[in-house]
Amino acid sequence: MSDIEDRLRSLGITLPQPSAPVANYVPAVVAGNLLVISGQLALGADGKLAPEHTGKVGGTVSEADAKAAARLCAINLLAQAKAALGSLDRIERCIRLGGFFNTAPDFAAIAPLMNGASDLIVEVLGDKGRHARSTIGVAEVPLGSAVEVEGMFLVKA
Amino acid sequence: MSDIEDRLRSLGITLPQPSAPVANYVPAVVAGNLLVISGQLALGADGKLAPEHTGKVGGTVSEADAKAAARLCAINLLAQAKAALGSLDRIERCIRLGGFFNTAPDFAAIAPLMNGASDLIVEVLGDKGRHARSTIGVAEVPLGSAVEVEGMFLVKA
Amino acid sequence: MSDIEDRLRSLGITLPQPSAPVANYVPAVVAGNLLVISGQLALGADGKLAPEHTGKVGGTVSEADAKAAARLCAINLLAQAKAALGSLDRIERCIRLGGFFNTAPDFAAIAPLMNGASDLIVEVLGDKGRHARSTIGVAEVPLGSAVEVEGMFLVKA
Numbered sequence: 001m002s003d004i005e006d007r008l009r010s011l012g013i014t015l016p017q018p019s020a021p022v023a024n025y026v027p028a029v030v031a032g033n034l035l036v037i038s039g040q041l042a043l044g045a046d047g048k049l050a051p052e053h054t055g056k057v058g059g060t061v062s063e064a065d066a067k068a069a070a071r072l073c074a075i076n077l078l079a080q081a082k083a084a085l086g087s088l089d090r091i092e093r094c095i096r097l098g099g100f101f102n103t104a105p106d107f108a109a110i111a112p113l114m115n116g117a118s119d120l121i122v123e124v125l126g127d128k129g130r131h132a133r134s135t136i137g138v139a140e141v142p143l144g145s146a147v148e149v150e151g152m153f154l155v156k157a
Numbered sequence: 001m002s003d004i005e006d007r008l009r010s011l012g013i014t015l016p017q018p019s020a021p022v023a024n025y026v027p028a029v030v031a032g033n034l035l036v037i038s039g040q041l042a043l044g045a046d047g048k049l050a051p052e053h054t055g056k057v058g059g060t061v062s063e064a065d066a067k068a069a070a071r072l073c074a075i076n077l078l079a080q081a082k083a084a085l086g087s088l089d090r091i092e093r094c095i096r097l098g099g100f101f102n103t104a105p106d107f108a109a110i111a112p113l114m115n116g117a118s119d120l121i122v123e124v125l126g127d128k129g130r131h132a133r134s135t136i137g138v139a140e141v142p143l144g145s146a147v148e149v150e151g152m153f154l155v156k157a
Numbered sequence: 001m002s003d004i005e006d007r008l009r010s011l012g013i014t015l016p017q018p019s020a021p022v023a024n025y026v027p028a029v030v031a032g033n034l035l036v037i038s039g040q041l042a043l044g045a046d047g048k049l050a051p052e053h054t055g056k057v058g059g060t061v062s063e064a065d066a067k068a069a070a071r072l073c074a075i076n077l078l079a080q081a082k083a084a085l086g087s088l089d090r091i092e093r094c095i096r097l098g099g100f101f102n103t104a105p106d107f108a109a110i111a112p113l114m115n116g117a118s119d120l121i122v123e124v125l126g127d128k129g130r131h132a133r134s135t136i137g138v139a140e141v142p143l144g145s146a147v148e149v150e151g152m153f154l155v156k157a
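From first to last, the protein sequence lines are chains L, Z and X.
Going by this note's numbering, the first residue of the first sequence is number 1, and it counts up by one from there.
Going by this note's numbering, the first residue of the second sequence is number 1, and it counts up by one from there.
Going by this note's numbering, the first residue of the third sequence is number 1, and it counts up by one from there.
Treat each hint with caution, since some may be false.
The list treats identical chains as one, so a pair stands whether inside a single copy or across any two.
[To be verified] Calculated pairs, SDA-like style, for lysine to any residue (alpha carbon to alpha carbon, straight line, at most 25 Å):
no. : residue 1 : residue 2
1   : Lys48     : Val26
2   : Lys156    : Arg9
3   : Lys48     : Asp106
4   : Lys67     : Asn24
Just so you know, the hints here were simulated from the structure itself, not pulled from any lab data.
For reference, chain L alone in the conformation it holds in the complex:
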């Protein structure tokens, strides 16, 4: 049992079954010592997008729900990382997260919401989880998810 798995357990997080590839792209690519993970939506443990995590942040989606949605995206990133790597212990560093929030017009307070994803990654990975990030508000996210988060990690080759 690894430290990281222990930390997931102590946080009460069970990684979901990672979503299967649905098209000619894959959830994650390992290239040398880089792991690049496709943008993850705020799907729950049941693989579905809950109504409170669907729609415009600052519109029908509350800030608390948007932050929780970003946390779900980060959990899904870790689920994809585990599927791609076999073990999360192969992660040496989370290099970067990109957060795309589905925002209502004139809602700019998105950086605190992205902390839902950033905090989860650091809670689970510790210092290895401290990452660079970019956060923007976008016009649309696939399926109307309130947020999408992509990730790049440094891994043991």
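Chain L is fixed; fit chains Z and X onto it per the hints.
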């Protein structure tokens, strides 16, 4: 004649003259074994943006045209890759595509449209073409292109 | 005194104190020979967002101000690079800039504005500054900044 060039021919695809740098940026950078390509617009073989590939997806641009526009972006990525590498045979893997669709309000069905780019890359590169990707709907794309696609590849140094 | 520091001086640019991490993310990550820098806002040398660099490009923010804002973002990228690397001389190449403009509806002339960032990077880094880039117009940028620019660099390990 390489396998990849053969596949392009059998698909009836002639790579266009890649667009020249128009400012203090370049179409592509090779850094170690990474090739990073600037966001490509849906320019046709004539280097122009056709009216049907210009404007808002879900507005004046149909879904079929948007998917075709994404395919054009992917062809332009390959044209830039060939110009940067000399030969597409130096590509070991398409690591990631980023797709930015110029969307009308409340049009969220963008993932299937991005398959226009993803399918082309896999048709041409085979298993080496299977990539991670992120797809978002944005407020504007340069020149009003219906879509912009950027790419990162693993290459032989 | 390095060439790059000389060039900054001759351009009359003093790198600002880089903004401190405000959450569970960091301004920059060095991973192997990659330096990935978080999206930088158009904060001035005083660490504040000036009114003329806040709001929608093509709306309340003029094109000249938006281009100047992109230049500020690039200066902030260099400040973060220097803080992360110790010296800008460790930069071998600017690989990629990503520019996210906070655009008013139907304002698509964003590529020339991004030259504010691209030109600055090349003025300071010379040929090492010639980068790939992607420019999009987005719905919102944190704090309402007119633009956000992220960067990836190749560095001496």
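Which earlier hints turn out false for this structure, listed by number in ascending order? none
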